[in-house]
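S.K.: The primary structure of each chain is shown beneath.
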Amino acid sequence: MNAVVNLPKQKLPLSSIPGADDITRVVLANGIVVLARENPNSQAVTLRGYLLAGSLFDPDEKLGLADFVASALMRGTAKREFQAIYDSLESIGASFGLSGGTHTAGFGGRSLAEDLPLLLELLNESLRRPTFPKTQVEKLRAQLLTGLALRAQDTRDMASLIFDVLVYRDHPYARAEEGHTQTVGAITVDDLVNFHKKIYGPNGMVLAVVGGIEAEKAVAEVRTTLEDWQNLEQPTVPQLPEWKPLESRVSKRHPIPGKSQSDLIIGTVGPARSAPDYMAANLGNNILGHFGLMGRVGDVVREQAGLAYYAYSNLGGGSGPGPWAVAAGVNPANEEKATDLIFKELARFTDELVTEEEISDSKSNFIGSMPLSLETNGGVAEALLNVERHKLGLDYYRRFPDEIRAITREQIRDAAAHYLPNEKMAVSIAGPNRAEA
Amino acid sequence: MDVLQTTLSNGLKVLLKEIHTTPIISHWLWVKVGSRDETPGITGVSHWVEHMQFKGTPNFPAGKLDKDISRDGGYWNAMTYIDWTAYFETMPANKIDLALRLEADRMVNTYFKPEEVASERTVIISERQGNENSPMFLLDEDVQTAAFHSHPYRHEVIGTMADLQSMTRDDLYNHYKKFYTPNNAVLAIAGDFDSNALLARIQELYEGIPGDSVPPRVAKDEPEPSEERRVVTKGPGETIFVKAAYRSLRATDPDFFALSVADSLLAGPSSLNIFSGGISNKTSRLYQRLVENELAVSVSGGLQATIDPYLYDLTITVHPEKKAKDVIGPLDEEIARLQDSPPKPAELARAVKQAQALFAYGSESITNQAFWLGFAEIFDTYNWFLTYLERLEAVTPEQVQQAAQKYLRSERRVLGIYQPDGRPVAEEE
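Protein chains in written order, with the working numbering: chain A, 3 to 439; chain B, 13 to 441.
Just so you know, these hints were derived from the structure itself, not from any lab. Beta carbons are placed, not taken as given, at the ideal position from N, Cα and C, and that holds for glycine. Certain hints may be false.
[As the list claims (entries may be wrong)] Far from chain A, by Cβ distances over 10 Å, these chain B residues were calculated:
no., residue
1, Ile-54
2, Pro-70
3, Ala-74
4, Arg-83
5, His-163
6, Gly-220
7, Ile-319
8, Gly-341
9, Tyr-373
10, Thr-408
[To be verified] List of simulated lysine-lysine pairs, DSSO-like, C-alpha gap at most 30 Å:
no., chain 1, residue 1, chain 2, residue 2
11, A, Lys-81, B, Lys-356
12, A, Lys-81, B, Lys-365
13, A, Lys-141, B, Lys-337
14, A, Lys-339, B, Lys-365
15, A, Lys-365, B, Lys-76
16, A, Lys-141, B, Lys-334
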C-alpha cells in the first residue's frame, strides 16, 4: 500500500450556518436592501436578487410581458450593445441573467471575486438604461415562442399549466407567467419600454452578494453603483385577491398526440410561506412525498405498485398561496390506478396522525440536511434572499432546528386536513390521446 | 498533492481528499460498468442493476437504506452512463459511517428478489416512456444507433424497450456478480475527515470482500467511420432540431484538449461541474452565426470524457420560420472556417479563462470535488483532472485547427434531424 498523505488545513469561516453576526444587511437610501456574507474559502462570488416587477403587473392580453421585459434587459443598453455585454461576461468566464416571475423579476450571476464590479455594472445598466433594440427583441421573441411550442409538447409542463387553471380559476396564480403564443405575439417594443419605465425601480429590490469578497467591500460596491437610482413613478405591487377553495373535485385531461407517458398532478392550494402553519405543512409534506425515496407517495406508487418512475409531493409556499400537490409520471393505461392510490394516500394523510417514527425521521432529515444546502455561494445567497423575502430574521437558519423540533403530529394533521380536503381537489393529466394509450 | 491515493489488497482503488471548510463529507463509489459492457438482448442491464441496488440487502432491507440516509440529513443518488455507474451520498461529516457501510454492503449483498425485479421492470419502462416524450431523446437514440456499427455505445443507456420487457432476473444478477467487485471499483471521498482514520475504516469494511479477475470487456474497437450518415426522426411537435454528432476520441488521447478548445470556440465552454451550471455561449462562433442571424434559437456543444471514442455533438434548435437545411450549410461553413485557419491566440486565452472560472465555481461544492476524484479514474487517473487546466493552456492555435481538420470531417459524422410529423398539435390551454 502506498499512501501519500499531505493535509493542508483550509481557512475556516466563523460558522457554516449564516446568522446575524456574519450577515451584513444594509438598506440604501433609495430602499434597496443589500445582504452580504464573505466566504473566505471561495475565489468566486455569486450575485443574486429580485425586484418587484413580476407578471402580476401583466394585462391578460399581453401575458408574458414582465417575463419578456426581464429577458430583454440585457439585449442592449445605452452603454453597450448585446454583443459587447456578452463579450464582457463570457471573456472572463462570468455569467449573469435576468428572468421573470409572478411576484418579482429575478437576477443572478457569478464570476471570479475580482470581477464583481463588472456584474454590478451590467446589473446597473440593464436595470436603468436598457434600449430594447428592435432586432434583438424579435430574436428574443422567436426564442420565447419556441419555448412555448416546446411547452405545448411537454406533458409535465402542460399538466402543471392546466392544474393552475383548475385550482386558481380567477385568481392571478391561474396565469402562466411566460404567457401564451398569442399574448407574447401581441407584445410590442413600446410595451417593453413602458413596462420597464413604469415598473422597474429600487423600492422593494433586494440583492445578495456571497463569496470571496469582504462583506463591507461588497456593500460599498453596490452602493456606488445603485444607490442613486430613483423611479418616482414606481407603483406598489397589486394586492392578491383571496383564493376561494374549490367546492368539489375537478379534473381535466389534456391530450398531446404521439406521447408515450402521462404526467398527472393532484392537489390544491397550500399555505403561503408567512402562514403560521407553513412549517408544519412543510414537514408533513416531507412525510407525504419526499422523505427517503419520495415519502409515502413514492413508496406506494413507485416502490410497491411499480406504476411510475417518479412520484412525489410538492408544497409551493411562496409569497402567496402556492400549490400543494402530488405529481407522478405514469403509463397512460395506469392513470386511473395511480390517481386512486394517490387519493388514498392523501386521505390517510389528512385523517390520521403521522407516526412518531415518521415525524422524528423527517425532523432529523430537515435539521441534518439544512447545512448541506448552504454549501455553495449560490446556496447561501438563496438563503439570504429567503430570509429577506419572508422576513424570517437573520438568525433564521440558526433557529431552524428548534423550530422544527417544536412541530407536533397534531399540527401536521391539522394543516393537512385544512389544506387538502379530499373531495375538493384538482386532478390534471396531460398525455397521449386515449386511443393511443 | 493533498489527496491520499491507495489500492487495497483486493484491488479497490481509494482516493481521499480532506476539505475542512464545512462539516460535510461526500462519498462516491464508482463501478466500472456501463452500457459499453452490454450485449444485444440485455441492453439497459447496467442501469437496471443500479435501480436494484436500492432494493435492499439483508443488512439494509428495502425501505430501510433510503430512510437511514434521509434520517441523517444526507442526500444520495446514483447514475449510470455509457462507461460507469456511480453511487453517491453527501452527508453531515459525523454521519458518514452509514454511507461507508451501505456501499460496502451492497457491493456484494443485494437481493435481486424476483418480485422486486418485476415491480422495477414497470418503473424502468415508465422511465423510458418519460424519455420518449422528449423529441431530443428520440433523435439522440436514432443518431447513436447510426453512429456505431458494433460498439455498445450504439444503444441508449436505458436500453431498448424490447430488452426491458424480456430481460430476466438472472441476467441482472449475473451482470451484478460479474462487475461489482472491489478491483472493478473506485471509492472516492472528499470532505471533513481525517484520511488515516477513514482509510482504516475503509480497510475494515472492504478487505473481507475478495477481488475477482477483472471482468472481460465486450466493447470492441469500432471501425473508423468512412461516410456521412443522415437520419431523420419524425415525431410530434412544431420544432425542428438538428444534431451533428462526430466520432470523437478517447479522453486519454493527446488531442482531447485541442478538441475541447475547438468545442469552446464553436459552441461555448462545456461545464465540468455536474452540480453547478456553466456559462452562456452567446459570443461563440455558432451562436453568432446561427442565432444572431435568426436561423436558430439555440445551439450547444457536448464533448465528453469517455473510455472509447464516443460522439462530439452539436445540437441546434431551428428558428420557427426556418428549415433544417437553412442551418446545416452555415454550420458547415463555420466548421470549415476553423479547419481553414487557426483561431487567434486571444480566442484560446478566453477559452482558458472560462475553464479557470468554471473550475473555481466547481470547487465550491464538496460533492463536486468528490465527483472529480473518482470520475477521472474511470477513463484515466485523477491526474487527468489535476493537469486539465495546464494541458488546456498548452494547446496552440494550430493544434485546434488540426483537431477540427481531423475530427470534424463530415464523413465522421451522423447528421440527425428531428422533423415534426405534421400531426395536429394539441391546442394550448
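S.K.: For every hint, state whether the structure bears it out.
M.R.: Tested hints:
{"no.": "1", "hint": "Ile-54", "result": "holds, 20 Å"}
{"no.": "2", "hint": "Pro-70", "result": "holds, 18 Å"}
{"no.": "3", "hint": "Ala-74", "result": "violated, 7 Å"}
{"no.": "4", "hint": "Arg-83", "result": "violated, 5 Å"}
{"no.": "5", "hint": "His-163", "result": "holds, 27 Å"}
{"no.": "6", "hint": "Gly-220", "result": "holds, 16 Å"}
{"no.": "7", "hint": "Ile-319", "result": "holds, 25 Å"}
{"no.": "8", "hint": "Gly-341", "result": "holds, 19 Å"}
{"no.": "9", "hint": "Tyr-373", "result": "violated, 5 Å"}
{"no.": "10", "hint": "Thr-408", "result": "holds, 20 Å"}
{"no.": "11", "hint": "A:Lys-81 with B:Lys-356", "result": "holds, 27 Å"}
{"no.": "12", "hint": "A:Lys-81 with B:Lys-365", "result": "holds, 25 Å"}
{"no.": "13", "hint": "A:Lys-141 with B:Lys-337", "result": "holds, 19 Å"}
{"no.": "14", "hint": "A:Lys-339 with B:Lys-365", "result": "violated, 54 Å"}
{"no.": "15", "hint": "A:Lys-365 with B:Lys-76", "result": "holds, 17 Å"}
{"no.": "16", "hint": "A:Lys-141 with B:Lys-334", "result": "holds, 13 Å"}
Violated hints, listed in ascending order, are 3, 4, 9 and 14; each of the other numbered hints is respected by the structure.
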